[in-house]
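Chain by chain, the residues run as shown.
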Amino acid sequence: MRKFALIAVPYAWLLALFLIPFLIVFKVSLSDTALAIPPYTPTLKDGFGALIDGLDLENFWFLTTDDLYYKAYLSSLQIALLSTFLTLLVGYPMAYGMARAPEEWRATLMMLVILPFWTSFLIRVYAWVGILSNEGLLNQLLLWVGVINEPLTILNTNTAVYIGIVYTYLPFMILPIYAALDRMDDSLIEAAEDLGCSRLTAFWLVTVPLSKNGIVAGCFLVFIPALGEFVIPSLLGGSGTLMIGKVLFEEFFNNRDWPVASAVAVILLLILIVPIVLFQRNQQKQAEAEQ
Amino acid sequence: MKRLSAFNITALTLGFAFLYLPMILLVIYSFNASKLVTVWAGFSTQWYGELLRDEAFLDAAWVTLQVAVISSTIATVLGTMAAYVLVNFGRFFGRTLFSGMIYAPLVMPEVITGLSLLLLFIGIGLDRGILTIVLAHTTFSMCYVSVVVSSRLISFDRALEEAALDLGCNRFDAFRLVTLPIIAPAVISGWLLAFTLSLDDLVIASFVAGPSSTTLPIKIWSAVRLGVTPEINALSTIMIAVVTVGVITASLISKRNAVAAQRDAQAAERAE
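Chains as they are written, first to last, in this note's numbering: chain A, -10 to 280; chain B, 10 to 281.
Excised from the complex, chain B in its bound form (with noise of 0.2 Å):
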C-alpha cells in the first residue's frame, strides 16, 4: 500500500503552485483598473473591452485562426500518411533519410527552421504572407501527428485490416472503414497538437511572415517587449481560458468513451 508522505505532499503542492500560481495572477490582473500592471486598484472589465476594439489585435487573431486552421488540416493529413508508411511499409527506398526527416524537425532549433525556411521562399522569389507561414507550420507539425499516429498505428493488430481486404474491400476503404475509425483518437489529437502548436508559434513567423500578414503571436511579441500591457493581459486570459475549457472537455470525453468501451467489452464477455 502507498501512502503519500509529508514530503510528496510538499512536493506536489510546492510544485503545482510554480506551474499554476503565474498564470493565476496573470488572470487576476487582467481584471485590474489601474494602467499600472502591478498595483491593484479594483475590479475592472475595461481592458477586454479595449482589446476587443483594437483592429489590429482582431485582424491578427484572424490571421492567425486561419493560419491555425489550414495547417493542422494538412498536417494531420499528410503526418498520417507519413506514419501509415513508416509503421506498415516496412524497408522501401529511402527509409531512413525519411524517417530522419520526420524526427530531425521536432528536435530542431526553431531559430533554424525559421531561417532556412525564409532562405528557401527568398530563393524561389515567394511572397511572404499566409501562404508562407501555412507551409512552414504544416511542415513541423506535421511531424508532430506522424509521432503521435505511429503510435497509435503500433498498437493496431493489422489483422483487422487484413480481414476486410479479404473481404473484399479495397486498400482504401479498408483504411476508411477499419483502420481510420480505429486511431481516429490519435489523429483528433494531432490535429489539435497541430493546431495548438501553430497558434503559439512565434519564432518561425517571425521569420517567414510579411507585413501583411501579422500572427497574434507576432503581435503579443511587439507589445510585451515594451513590458506588460493590461491589454495583453486580458488577451492572455481569453486565451488560457479557451485551452482550459478544451482540454477538459476533451479529457472527459475520452473518461467517457473509455468507460463506455469497458462496458461494451464486459458485455461482450458475459454474452460469450
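Chain A on its own, in the form it takes in the complex (with noise of 0.2 Å):
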C-alpha cells in the first residue's frame, strides 16, 4: 500500500503537468482561431462530439505554405549545428588541457567549469550586449588598438548568436569530454609513441577515439538546447535571426495565434526526437561499456 503511493504520488504530478499539458498542446494543433477566450475553438464545452468534428490538420497546411516556418526551422537547425561544431572546437583543448593538469589542479578547474552554470542563463548572456554593441568594450578595444577604422556591427547579426550559444553551453560540451579523457590510461599513449607515432599523430589515433563518447554526449548536449533556444536569439540576434524558439515566442504573444503556436511546438518537438533517441542511445551504449 504504501509502496502504491510512493509511485502514484509523483506518478500523478508527471502525469496532471506534463503528459497532460502536452496532450492539450497537441489537441489545440489542431483546433482553429477563435475571437473568444480562450482564442480557440472548439473546447470541451462544446461537447466532445463536435470537438472530434472540429479538429483538422489546417494550422500544420499553414506551416507549409507560409515560408517563414520552414525557414526558422532551417535556420533553427543550422545555427544549432554550426554553434555546436564550434563550441566543441573550443570546449575540447579546454577538457584536454584539464585532464593533463596536475592532479592538485583539477578540482579547482573543475569548479571553474561548473561556477557558471549556477550563475543566471539571463545575466551571462546580456553580458555579451555591452561587449558586442557598436559603442561597445570590443568595438572600443579594436579601434584603440588600431585594427579597424570603425566599428563593427556585431550585436543583433547571427555572429552574436553564435557567441552567446558557445558561451553560455561550454560547460555542457568541456564536462563530458573531461570525463571520458580522464577515465582514459595514459600508457596508451606513450605506447603509440614508442611504437613510432609522432604526438600529433597519437592525438588523433587514439585519444580522439577514445574520447568519442563524450565528443558525442557533449554535442547532444548542446545542440538540444540551442535548437529551441529562445533568450538568446531574441537578446543577442537581431531582426533576421530566425529561430524558432523565438517564432513560437511571437506567434503566441504578439500575434495572439495560439494554435499556429502549438502546431509549431508540434513539429520542432517531432525534430527534436531524432536528436533525443541516437542521445538515449549513446549513453546506454557508454552504460553498457562501463558494466
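Hints listed in this document are in silico derivations from the structure and should not be mistaken for laboratory results.
Here a beta-carbon is modelled for each residue, glycine too, at the ideal position from N, C-alpha and C.
Certain hints may be false.
[Said to hold, decoys possible] Across the chosen pairs, the derived CB separations fall in these ranges: (1) A:F242 with B:F181: 43 to 49 Å; (2) B:L67 with A:T142: 32 to 38 Å; (3) B:A168 with A:L199: 32 to 38 Å; (4) B:R12 with A:L199: 17 to 23 Å.
Hey, can you piece these two chains together into the complex? The hints should help.
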C-alpha cells in the first residue's frame, strides 16, 4: 500500500503537469483560431462529438504555405549545428588541458567550469550585450588597438547568436569530454609513441577515438537545447535571426495565434525526437561499456 | 608523467578568459559612475543605491525567492520519491512511461513546456500567479532532482537498508535513519539545483506568470530588451557574488567532509 503511494504521488504529478499539458498542446494545434477566451475553437464545452469534428490539420498546412516557418526551422537547425561544432572546437582543447593538468589543480579547474552553470543564464547572455554593441567594449578595444577604423556591427547579427550559444553551453561540452579523457589510460599514448607515432598522430589515432563517447554526449547536450533556444536569439540576434523558439514565442504573445503556436511546438518536438533518441542510445551504450 | 604543453596552457588560459571576462567586465562596470554604460567615469556605488530603492525590483525579488524556496522543496520531495521508485522498485505497471516523463522535461525546449502548462492552467481556469509558477517550476525541477538523487542511489548498498529492516525498523524508519543520511549530499545538491533553476527561469515563467506575480528574470528581461542599464549590472553583480560565495562554500564543506570520511576510514582500518 505504501509502495503504491510512493509510486502514485510523483506519477500523478507528472501525468497532470507534464503529459496532459502536452496532449492539450497537440489538441490545440488541431483547432481553429477564434475571437474568444481562450482564443481557439472547439473547446470541451462544445461537447465531445463537436470537439472531434472540429479538429483538423489546417494549421500544419498553414505552416507549409508560409515560408517563414520552414525557413525558421532550417535556420534553427543550421545555427544549432554550427554552434555545436564551434563549442566543440573551443571545448575540446579545454577539456584536454584539464585532463592533463596536475592532479591538485583539477578540482579547482572543475569548479571553474561548473561555476558559470550556477550563475544566471540570462545575466551571462546579457553580459555580451555591453561587449558586442557598436559602442561596446570589444569595438572600443579594436579601435584603440587600430585593427579597425570604424566599429564592427556584431550585436543583432547571427555572429552574436553563435558567440552567445558557445559561451552559455560551453560547460555542457567540456564536462563529458573531460570525464572521458580523465578515464583514459595514459600508457596507451606512451605505447603509441613508443611504436613510432608522433604526438599529433597519437592524439588523432588514440586520444580522439577514446574520447568519442564524451564528444557525442557533449554535442547532443549543446545541440538539443540550442535548437529551441529563445533567450539568445532574442537578446543578441537581430530582426533577421530566425529561430523557431523565437517564432513560437512571438506567434503566441504578439499574434495571439495559439493554434499555430501549438502546431509550431508539435513540429519542433518531432524534429527533436531524432537527436534525443540518438543521445539516449549513446548514453546507454556508454553505461553498458562501463559495466 | 603528464606534462602541460604550451598548447594546453594556452587553451586553458584563453578558454577560462572567454568564460570569465564577460562576467568580470559586468561586475567592473556596475561600479561605473556614468549612466553611459560603456564609458568609464570613475568609481561609484550609486546604482546599487538606486536598485535598492526600486520597489518594483524588490517586489520581483521577493516573488522569485518565495517561488524558488517552495518549488525546490516540493521538487526535492517528489524527485527523491521518483528516484527511489526508479532505482529500487524494479518492474511495475507503467514504468516506461514514468521514466520517460522523468527524462523528457530535461530535454524539452522551455518554450514548449511553458506553452503547454499555460494551456493547461487556462483550460482548468486556474488564475495565473505565484501558484502557477510554483507548479511549473516544481514539475521540471523534480526531474533534475530525481536524476541527481538516482545516480547516488544506484551506488548505495541496499544491504544496509535490509539490515535495518531485519533489526526491526519499518520501511519508512529504515529510509529515514539509514538511506536518507547516506544520500543526503545528493538530496541537498538536488535542492540547490532546483532552487537555482527556479531563480533563473525566464521563459516558462513568462508564460505562466500573471501581471501581479512578476519574477526577477521577467523584470530583468523587460529592462535589458532596451539595452544595457547600470542598475541591471548592479543586480547581476549581486547575483554573481551570491552564487560564487555559495558554490565555493559548498565545495569547501564537501572537501572537508571527504577528508573527514577518509580519516574515519583509515582509523577504522587501523582499529581492525
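For each hint, the structure was consulted:
Against the hinted window of 43 to 49 Å, the Cβ-Cβ separation of F242 of chain A and F181 of chain B comes to about 47 Å, which satisfies the hint. Between L67 of chain B and T142 of chain A the C-beta distance comes to about 37 Å, which sits within the given range of 32 to 38 Å. Taken as a hint, the range 32 to 38 Å holds for the pair A168 of chain B and L199 of chain A, whose Cβ atoms sit roughly 35 Å apart. Range check, R12 of chain B to L199 of chain A: about 19 Å between beta-carbon atoms, so the 17 to 23 Å window is met.
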